[in-house]
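Using the sequences provided together with the hints, build the complete structure.
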Amino acid sequence: MGRQAQAATFRHFGRAMRMFAPVYLSNECVNGCLYCGFSHKNAIPRITLAPDVVEKEARHLLAEGFRNILLVAGEHPQKTSIDYLEKCVKQLRQLDVPSINLEIGPQSTENYRRLTAAGAEGLVIYQETYDRETYRRLHPIGPKQDYEWRLQTPHRAAEAGFRRVGIGALLGLHDWRQEALAMAAHLDELQRKWWQTLFTVSIPRLRPAAGRFTPPSPVSDRDLIQLVCALRLAFPQAGIVLSTREPAPLRDILAQIGVTMMSAGSHTDPGGYTQPAATPTIEPEDHSPEQFAVADNRSAREVTARLRQLGYDPVWKDWDACLN
Amino acid sequence: MSSDLIIAGRAFHSRLLVGTGKFSSNEVMRAALEASGTELVTVALRRADLSGKNDPFANILDFIDAKRYLVLPNTSGAMNAEEAVRLCRLATAAGLPKWIKLEIHPDPRYLLPDPVETLKAAEMLVKEGYTVLPYINADPVLALRLQDAGCATVMPLGSPIGTNRGIETRAQIEIIIEQARVPVVVDAGLGAPSQAAEALEMGADAVLVNTAIAVAPDPIRMAMAFRQAVEAGFLAREVGLAGTRKTAEATSPLSGFV
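Sequences listed follow chains W and S, in order.
In terms of my numbering, the first sequence opens at residue 27 and continues consecutively.
In terms of my numbering, the second sequence opens at residue 11 and continues consecutively.
Keep in mind the hints are simulated off the structure, nothing from the lab.
All residues carry an ideal CB built from backbone N, CA and C; glycine is no exception.
Treat the hints loosely; a few may be bogus.
Stated by the list, open to error - Quick look at which bits of chain W chain S covers, simulated, 3 or more residues with Cβ under 8 angstroms:
id	region
1	38-51
2	220-227
3	332-342
Stated by the list, open to error - Which residues of chain S face chain W? A partial, calculated answer using Cβ under 8 angstroms:
id	residue
4	F33
5	G87
6	D117
Claimed, not checked - To be clear about the criterion: a stretch of chain S counts as covered by chain W if any three or more of its residues have a C-beta under 8 angstroms from a C-beta of chain W, and this derived list gives those stretches:
id	region
7	34-48
8	172-181
9	230-241
Below, the structure written as structure tokens:
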């Protein structure tokens, strides 16, 4: 399976690995997801970066080489309002960031249109779990309780003109094989309807975070590798995205099987790159302002050096802002 | 008869065009280009630095010697005519040649070209003085329309990009070759040197290869193999292939002796 997956990846994506990094805008959130460090119930320092600070964070990443930046924010109608998000995108657009992507609370098509018009290229929205009962249990409060609204989000994003739309399930919440099947069905439906949109799949595995949530359906390394193989074979042309949630040795393996896009050197707390008060990545405590603990602590330079060693070309720029 | 490939009045000794995506590094790409003997190299504009800031993290063009190769910027990533034209203008402003491999594929999965937008963009670009080499599905009427619009070549696909399935559109490409007044370059889907030779034997003027070289275990030697196959295919076509027949014919016929 691994060999077949690798061959399929080579054919469609070659030996290129697209690099990206997240900028966390805010850890304010009105939802109470039981597994998330940003849950409103957790007593963590709450921070929302001013657009100028967002620019500083982006400049830091640009200097490191990143040309693809993912802006991440908790869901908070006031603190991370559509006006605020639009401002952040415009700020990055002025910096000539070639590819600006967003991972934010679900929005209306109309709001998404504002963000694409401001220059955003992609949107990431995870269903977290496709199992309705598990979803209900894990999202006891807040707008995120609405399963259907979230499920339809990638449709609205594609309709609003995002060029890339990422979906995913948070692995560990429910039986991963069932999640994989549901995600495949979701992806298939999306691809048929929005044939001009490039869909990607993420495979985030639950990491320790504030709140000390224990994954009810743990996914082993072996399971994760099997999932990447299955996704690649079922969807030879879908981008597969890997974050720094996974440790370096496993990331090296997954990179050679089917992953086509990865982050590196990530900080998952707002201001994590440039703000002196930011906490370094540590094993999570109940008060860590991170969304989750990073498991691959290598710098972007170290990750790309390793990719080159493995025979991959780390690609920083794969998009031009003039296409938006 | 000269064996040069002439595109828009410019002569090329090599009939192999090479793409620059999917390589394991820019260094390997550079070595493969050299081994291929190509003189015409296509680069995705979306991966190049068009800001004029010499971005060290988007420096693919630094690895392609502009004295040795004609850089053929391509518009991959554009979903419609307007985006493609915008990319071309930026490329020109960044100092790239006004030769364009026009590719507009709104379907991100099979990367099949959009005929309507391609024709529209070609008409606009020709008017603006570009030398346009459009990537198209193997559609003979579209090929004629693009010729009429002033395109310098037509580049029909053998099979979808990256599939390595060879010339699956053979019957259509034969018609395109028969009717062409401009060079026909078979682009996309050629997975083996024998398939490249086949294209030249059929009468195609050139081929464009990327994936089969870039993802080969040894791209440099594979580039050499494609170079030799293209030369062999063209030579065979110049000589003319012997016809085929159903019955056997002895290589040393007896008929002369009886």
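Taking the hints in turn, this is what the structure says about them:
With a cut-off of 8 angstroms between beta carbons, the region 38-51 of chain W has 5 residues touching chain S; three or more are needed, and the interface restraint holds. Look at the region 220-227 of chain W against chain S: 4 of its residues bring a Cβ nearer than 8 angstroms to a Cβ of that chain, three or more, so the hint holds. Counting residues of the region 332-342 of chain W whose C-beta lies closer than 8 angstroms to any C-beta of chain S gives 6; at least three are required, and the coverage claim holds. The interface hint given for F33 (chain S) holds, since its Cβ lies 6 angstroms from the closest Cβ of chain W, which is under the 8 angstroms cut-off.
For G87 (chain S), the interface hint holds, since its Cβ comes within 8 angstroms of a Cβ in chain W; the closest pair sits about 6 angstroms apart. Interface hint at D117 (chain S): satisfied, since its Cβ lies 6 angstroms from the closest Cβ of chain W, which is below the 8 angstroms cut-off. Requiring three or more residues with a Cβ within less than 8 angstroms of a Cβ of chain W, the coverage given for the region 34-48 of chain S holds, as 3 such residues are present. For the region 172-181 of chain S, the stated coverage by chain W is satisfied: 3 residues place a CB nearer than 8 angstroms to a CB of that chain, which reaches the threshold of 3.
Closer than 8 angstroms: that is the beta-carbon criterion, and the region 230-241 of chain S has 0 residues meeting it against chain W, so the requirement of 3 is violated.
Hint 9 from the list above is the single one not met by this structure.
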